[in-house]
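Student: Add chain B to chain A, keeping to what the hints say.
There are 2 protein chains.
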Amino acid sequence: MGPLEGIRVLDLTRVLAGPYCTMMLGDLGAEIIKVEAPGKGDDSRQFGPYQGGESAYFMSLNRNKKSLTLNLKSKLGKEVLMDLVSKVDVLVENFRPGTMEKLGIGYESLKQINPSLIYAASSGFGHSGPYSQRPAYDGVVQAMGGIMSITGQRGGMPTRVGPSIGDIAAGLFTTIGVLSALIYKNETGIGQKIDVAMLDCQVAMLENAIARYVVTKEVPKPAGNRHTSIVPFEPFDTADSQIVIAVGNDGLWVKYCDVCGLESIADDSRFSTNPNRNENYEELRPILSAKMLEKTTEQWQKLLDDAGIPNGPINSIDKVIENEQVLAREMIVDVRHPVAGQLKMPGVAIKLSETPGAVRFAAPILGEHNHEILQHYLGYDAEKIKELIEAGAL
Amino acid sequence: MGPLEGIRVLDLTRVLAGPYCTMMLGDLGAEIIKVEAPGKGDDSRQFGPYQGGESAYFMSLNRNKKSLTLNLKSKLGKEVLMDLVSKVDVLVENFRPGTMEKLGIGYESLKQINPSLIYAASSGFGHSGPYSQRPAYDGVVQAMGGIMSITGQRGGMPTRVGPSIGDIAAGLFTTIGVLSALIYKNETGIGQKIDVAMLDCQVAMLENAIARYVVTKEVPKPAGNRHTSIVPFEPFDTADSQIVIAVGNDGLWVKYCDVCGLESIADDSRFSTNPNRNENYEELRPILSAKMLEKTTEQWQKLLDDAGIPNGPINSIDKVIENEQVLAREMIVDVRHPVAGQLKMPGVAIKLSETPGAVRFAAPILGEHNHEILQHYLGYDAEKIKELIEAGAL
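For the record, the sequence lines run as chains A and B.
Using my numbering, the letters of the first sequence correspond one by one to residues 1 to 394.
Using my numbering, the letters of the second sequence correspond one by one to residues 1 to 394.
Hint data in this document are derived by calculation from the structure and do not stem from the laboratory.
Fair warning: there could be bad hints in the mix.
Here are the computed lysine to aspartate or glutamate pairs in the EDC-like style, where the Cα-Cα straight-line distance is at most 20 Å [what the hints assert, rightly or not]: (1) K111/A with E79/A; (2) K295/A with D318/A; (3) K221/B with D240/A; (4) K221/A with E387/B.
Pulled out of the complex, with its shape left as it was, chain A reads as follows (with noise of 0.2 Å):
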């Protein structure tokens, strides 16, 4: 049972920034009534890999929700569409904005028939300003909104974060806009909307980089695997392969030094405290190269680990899927589906104590709930349901 048990969320999203939102909404509890093109479906349904003939990207998105085929731009889809609105607390869309309104279901036609409606809009650049209308799409906001610009090896080309982060943080922000309006509606009874754009997000993770130009006006570069103002905090080849070692301030320095059998250079004043490492980078670095080849990466991290010295692999997809730490956090589950089988997929990251979120349930078929949505949340009859099937509605 999650927290948001007995919330009831309309989801007309597709892909990835929409989905991503509505999936956190699921793992937490509500309900989620997915709204799909007939025939077709969410675009990610077509991108593969596939098992046993699903998309594994859209099994992995879409766990916790209900598919209601729909074709929103018929007469009788719209009404049906109407008549959920009526009943749900939350919409979620992530069309380009006019889209809605171009069918005749934006927010200000909704509203009137639920006043305290949220209505969530995810979109490329937002509801409002210049590039309002523009399409877009994860790799084009990474690039203009400047975390490509500062990601990337020392000295090379700006680098695309891997996962679409562009997608995904603006799945992360409308989840809060939501929450933070289902509290206040809850208080006051009023709905409103909530207008998310991908390049906004993007700019709002920038985190230091802002304050660093602004103050300074060095216009901030792909800083390679070193962190920005701390010294050593990077990966370092080992006898093996890598580790990354995070010394955070200057007792983990002096900690570091002992486990490393570096002592002559602790109280080296080039290097004793964090700016004078950032100072004297270029003669630190060999220094530690060299050493840190003499062990293996899992020596290293027995040795650091005892001393509380922050240290990790750098691990690819197969780690980490079988990390002890992520296996003991339950942050792999494996989901059945009824047709594609087994499917393991990143769990719910949110430990709440009295309501934990669970994957209640696997991805739906496309439309695999019509006739529960349609007969039991809105009281159709059989009649009523063939009619809309021979109208080519649902």
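Tutor: Below, chain B without anything else, positioned relative to chain A:
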């Protein structure tokens, strides 16, 4: 006025993951009482660069917060904390697991005082599992959580994401946990503990990498700037700089060919569908690369925008903060700090129609709100405050 107005948060966080969470809550209208160690404060007050002697890093993460100094190791300091706990809705901390218990202010103790308290803990590895007690920093968690292994140039080294995504993601997930627990509490009166691990959040953000690996058994590598499954979806050099093109579907492919004068290859069976473009990427890339060199980024932008083809420049931070869309969305705000003067920082990315959040006031000076909080919230008189000062509790 934000949607969280009236919600009071006791903020025991420092540096990034925790402060990012309480910044989100504060931006949305919650009242944030930031508890800091006397004389020293949040560690990040020492992080450069400085403006007027104040850390730009600290200031950009701690707007909308009030500062109360409190020595949590002193008996009197702890008593003040207990008084505050009885009057707040939420407590957020990002100490290493066990630290709060050692101080005698763990969740089990605090919920005796306030059973409806929402206690949110953000840590490196979480409050359970074999690595729980380990210290963590962003670079370590990015390495262990898999994101580094799939970020980087093709064939290149694993690459750290520029902003500290390990911390920021934990901040966002913790915020979602707090808000969902508030919804549950507002309905039931029951509080709970929220345990968010930086490592767990990294796993939750790997997107399709896990699905791809478990289905194909191929270990994902740094994917470079290309999309893993859509072509063309990557940067190209132009006559003067670079541009990212995102041709997300076959319809856009035809339009793109048309805009570029590549009609001859639009219907070419090697390239006419996305699976075929993926398969024949090595043949396609040189054709497109040569073509994109023929015009400047601005010329291409105009042509591609007119045709509705997603594209954008790779903006450095100086360009981001001047971008017309970013400015139109108020994603760069000017905040006046009483000591440091004007400082630019990211705005509020969640745009709410009824209860918009805001950057209401600048980050606090250390202990700036001691009297306000002790007198007005807790009703302490001048004598009691003097006693606390003399005992070194403030």
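Student: Evaluate each hint against the coordinates.
Tutor: Verification of the hints:
1. K111/A with E79/A: holds, 15 Å
2. K295/A with D318/A: At roughly 24 Å apart (the allowed maximum being 20 Å), D318/A and K295/A break the hint.
3. K221/B with D240/A: holds, 19 Å
4. K221/A with E387/B: This hinted pair is violated, its Cα atoms lying about 51 Å apart.
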